[in-house]
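> Construct the entire structure; sequences and hints are all you get.
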Amino acid sequence: MEKQVEFVELDGQDEMDVTAADPDDPTPGDPATDRPATDRSAPKARPAAKFVYPGGSQPLDGYTIKRGVGHGGFGEIYFAVSDAGKEVALKLIRRNLDIELRGVRHCLNLKHPNLLSLFDIREDARGDTWVVMEFVAGACLADVVATHPDGLPTEEALTWFHGLSAGVAYLHDRGIVHRDLKPGNIFSDEGIVKVGDYGLSKFVSCSRRSGQTESVGTVHYMAPEVANGRYGKEIDIYALGVVLYELLTGRVPFEGESVGEVLMKHLTARPDVSALAEPYRSVIARALEKDPAKRFASVGEMTAALPQPEHPQQIAGQLPSGSFGSAGAAAGVAGAAAGQSPFAEEAAAASPFAEEVVWAETVDEEPIYMALRDTVRRGRDAWDHANFATPVKVVILVMAMILLAVTAQIWLPLGVLALLFYGGYRIVRMIVMPGGSSTVRVTRPTGPPPIPPARPARPRVDPALAKTQPGGRGRYRHRETPAPAMVLKTPQERLTELLGSLLLSAVVATAMCVVMVLLNSYQSATPSAQQCAWLGLVSVAGAWAVLIPSKLWEGVQGETTPRRFVMMVVGLGLGALAFGVATMLMVDLLHYPEFPHDGGRHFPSGFYAVGQPLAMAQMACFGTLFLLMRWWRQADPLRSSRLSLWSVVVSAAAAALVAAIWGFPQPWLIMAAGAISVSVQLASPWVHPHRRYRRQQA
Amino acid sequence: MYVPATRLQGLIAMDFRGTHAPDRFMLWVDAVGGYWVCTGDEITLGQPVGSGVSDVPILGDLSRRHARIRRDGEGYLIEAIREVWLDGRPVAGVAALVDGSKITLGSAVKLVFRRPHALSGTARLDFVSHHRTQPSADAVLMMADACILGPGPHSHVVCRDWPHEVILHRQDEQLYCRSTGALQIDGRPCRGRGRVSVGSQVQIEGFSLCLEEIRP
Chain X
1 MEKQVEFVEL
11 DGQDEMDVTA
21 ADPDDPTPGD
31 PATDRPATDR
41 SAPKARPAAK
51 FVYPGGSQPL
61 DGYTIKRGVG
71 HGGFGEIYFA
81 VSDAGKEVAL
91 KLIRRNLDIE
101 LRGVRHCLNL
111 KHPNLLSLFD
121 IREDARGDTW
131 VVMEFVAGAC
141 LADVVATHPD
151 GLPTEEALTW
161 FHGLSAGVAY
171 LHDRGIVHRD
181 LKPGNIFSDE
191 GIVKVGDYGL
201 SKFVSCSRRS
211 GQTESVGTVH
221 YMAPEVANGR
231 YGKEIDIYAL
241 GVVLYELLTG
251 RVPFEGESVG
261 EVLMKHLTAR
271 PDVSALAEPY
281 RSVIARALEK
291 DPAKRFASVG
301 EMTAALPQPE
311 HPQQIAGQLP
321 SGSFGSAGAA
331 AGVAGAAAGQ
341 SPFAEEAAAA
351 SPFAEEVVWA
361 ETVDEEPIYM
371 ALRDTVRRGR
381 DAWDHANFAT
391 PVKVVILVMA
401 MILLAVTAQI
411 WLPLGVLALL
421 FYGGYRIVRM
431 IVMPGGSSTV
441 RVTRPTGPPP
451 IPPARPARPR
461 VDPALAKTQP
471 GGRGRYRHRE
481 TPAPAMVLKT
491 PQERLTELLG
501 SLLLSAVVAT
511 AMCVVMVLLN
521 SYQSATPSAQ
531 QCAWLGLVSV
541 AGAWAVLIPS
551 KLWEGVQGET
561 TPRRFVMMVV
571 GLGLGALAFG
581 VATMLMVDLL
591 HYPEFPHDGG
601 RHFPSGFYAV
611 GQPLAMAQMA
621 CFGTLFLLMR
631 WWRQADPLRS
641 SRLSLWSVVV
651 SAAAAALVAA
661 IWGFPQPWLI
671 MAAGAISVSV
681 QLASPWVHPH
691 RRYRRQQA
Chain H
1 MYVPATRLQG
11 LIAMDFRGTH
21 APDRFMLWVD
31 AVGGYWVCTG
41 DEITLGQPVG
51 SGVSDVPILG
61 DLSRRHARIR
71 RDGEGYLIEA
81 IREVWLDGRP
91 VAGVAALVDG
101 SKITLGSAVK
111 LVFRRPHALS
121 GTARLDFVSH
131 HRTQPSADAV
141 LMMADACILG
151 PGPHSHVVCR
161 DWPHEVILHR
171 QDEQLYCRST
181 GALQIDGRPC
191 RGRGRVSVGS
201 QVQIEGFSLC
211 LEEIRP
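Line by line, the protein sequences are chains X and H.
Residues 1 to 698 in our numbering are what the first sequence spells out, letter by letter.
Residues 1 to 216 in our numbering are what the second sequence spells out, letter by letter.
Among the hints, a few may not be true.
What the hints assert, rightly or not - Simulated DEER-style distance windows between Cβ atoms: (1) H:P153 with X:R642: 47 to 57 Å; (2) X:L108 with H:G93: 46 to 56 Å; (3) X:K111 with H:D172: 33 to 43 Å; (4) H:V53 with X:S82: 17 to 27 Å; (5) H:V53 with X:D272: 25 to 35 Å; (6) X:D120 with H:G199: 20 to 30 Å; (7) H:P153 with X:L503: 55 to 65 Å; (8) H:G199 with X:G85: 17 to 27 Å; (9) X:D120 with H:A182: 36 to 46 Å; (10) H:Q184 with X:S274: 31 to 41 Å; (11) H:D126 with X:L108: 33 to 43 Å; (12) X:I548 with H:A182: 42 to 52 Å.
Since the hints were made in silico from the structure, they are not lab data.
Glycine included, every Cβ here is placed at the ideal spot set by N, Cα and C.
Have a look at this one:
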């Protein structure tokens, strides 16, 4: 919990946001009180809801504020009356960020009976921005749910749900993901369900103050993949599932004592739908799938699976869906129309996941590279989900490494040659096709790039884990987003985990070294006891050097670059230690004859003495190795598999590269890096997704 | 001797303490709602036409004067001028109101009569149908001597998040605000109690309310 406050302060939050992230807020588990600050529904434990402008003031020309209504996602909401007497809600956005307003601008002209209308965006004399919106005098769904602790009557629940889903379907049809669906954002105005806060919530997650602070009140409706920064429309389907569950039962599917507990349940627990009747049980179970690909593909599909309310909301003069060629405009008042609208289905089929678009933009669509990456990915997936026990994996890994090491003189020159060739090709390609990626996109406007369509079908066990996959999509993210569930461990828990990991890693690293040395000795001179001891000690120290900072960073948001820097400093320290150990043991770190080794190059005199690396060389090598790799990702509890072949291979390859750069005797660095990688992964905590489910059911 | 002195005192009071308590005003409570407060013993409900025809103008299919609600000692009575239904039965003449009485004016305007506090004479009219007063308020308060704003269900204005109760009360034709919490009226801190008038801003430990004149 302290961590949250830290974020808040680091991000320079203003006073209001700090209150929103009140770490001592005991209420998140209570659905009745843990609601966003809307009219009459601010959670009890929150401190006084202060409003900047008192009733009667006129900060915005033409409007007189009557009273504060609540605190929404972005600022205070007031009830105001225009000079002519029009009643409106005014939302004051004090942090005037363009990215936040862009969302509202997109939504200004959306028209749907189930959406709260946005009228205008205005700026006052002080430079603050105001969003002028429709004022809803009716009840907020959060209040309605609070008065029905055992759930609403089915008929009423269906009316709410169909109105709500019609509004959301319309948003999706326009390519907008609500991202913040919750009873506090759903109102009833003269009997018509209105969905609010759609324009602003869109960017809640992108802004600096994402997740941890903003969504305190909304964790109950947060899809598991939100933890990884994925904001497709599937998160709305998930939230719809939660809201439907709450409508029918009076409580949210995942309750907990703390925000962290609720988040963890979203990530791991199965909702208890046993009390529900069909078809609600299967509809909710499917909407609450952890894997976005397993949920309903569209809101229409979801509503089609539910019965219609007997007295659907009707608006006189409603034209049949699609008669104007726009599904959204006419759809949805009755809910059914939107559900079966061909346009909605089409939009669902054609529009890729929101984050896939980003992905396609960032990836350079060079065919050879893509083909290679595709192969590597598939191979990695196959490895991750292969039905091997971890020890078997370790053995295979070690064998593969030895094989690679033995045959290095064959593939290394070939690889370097291929790499040079490819580099030349890329340069030529860049010259021939300026802005290559965009050209590719233009020439294939309908055909999506080869990878994305395959992705939803990939057998990913838990999408929430994707982020930690080294070299995966995460490569394009420059900010390390914490998994919310990891944020809230107590210091004691962390310390215990860390100590356990350190002990285990020492054992594993030692074992790894013994195995490697034995296997290596099979085809060359048996390494001396000193060499073995050096390798073992350096591997253990290296594993610890990764585990300790990783534990500190676990669940903490931070940027990659500073972390790399810290790791580099740690690496320098490790290098100094390695030199100290080498000196103490008087170890002879020799080049193995089969490793290509460039004796001709000249390094500064402080680097090598008679072929033996001195302090400078050791520090340079380990420093570079720790700078190159994002080692902490291998210790992340939410990584894709306990032992990832990819990580180990990349670590070893990085070590080979570093050794080649600095002329370090081979293969010692590669062996050390491999041992560090394997021991870090085996020693740091990791919970298998299947086991999480089982634990929940037990 | 006695009478002129009293009158003088009255004059001084008029000059220095402002006018006496208004007979109706809007009570805006931040994060809670807007309330149409009538301090008189009798209110007329009707359509918002002209000025001063009805005390509580409701934008609905009603007559200009549709019904009257009167505080009569400890109880309340409703007098039908036009079509009024009480708990599903037509009202001819006068009928007594109790907590929870459902009032239907005309064919569509539905209200519920509430007296949340047994010891207070103040009553509240909640809108059940989507009709509202003009200008709109969430409920109508018929204020007797005191009106309780607070977290409890017995409050006339339920303010869920408030730590303390705030009591608005009348005394000597003046309106006062009383609270155990730190009270600020128009920016000035008051100890326990302070006088309020139309246009006053009241802050109680971060929660605020204001009184506004209802212009016909």
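> Any hints this thing doesn't respect? Which numbers, in order?
The structure conflicts with hints 3, 5, 10, although it agrees with all the remaining ones.
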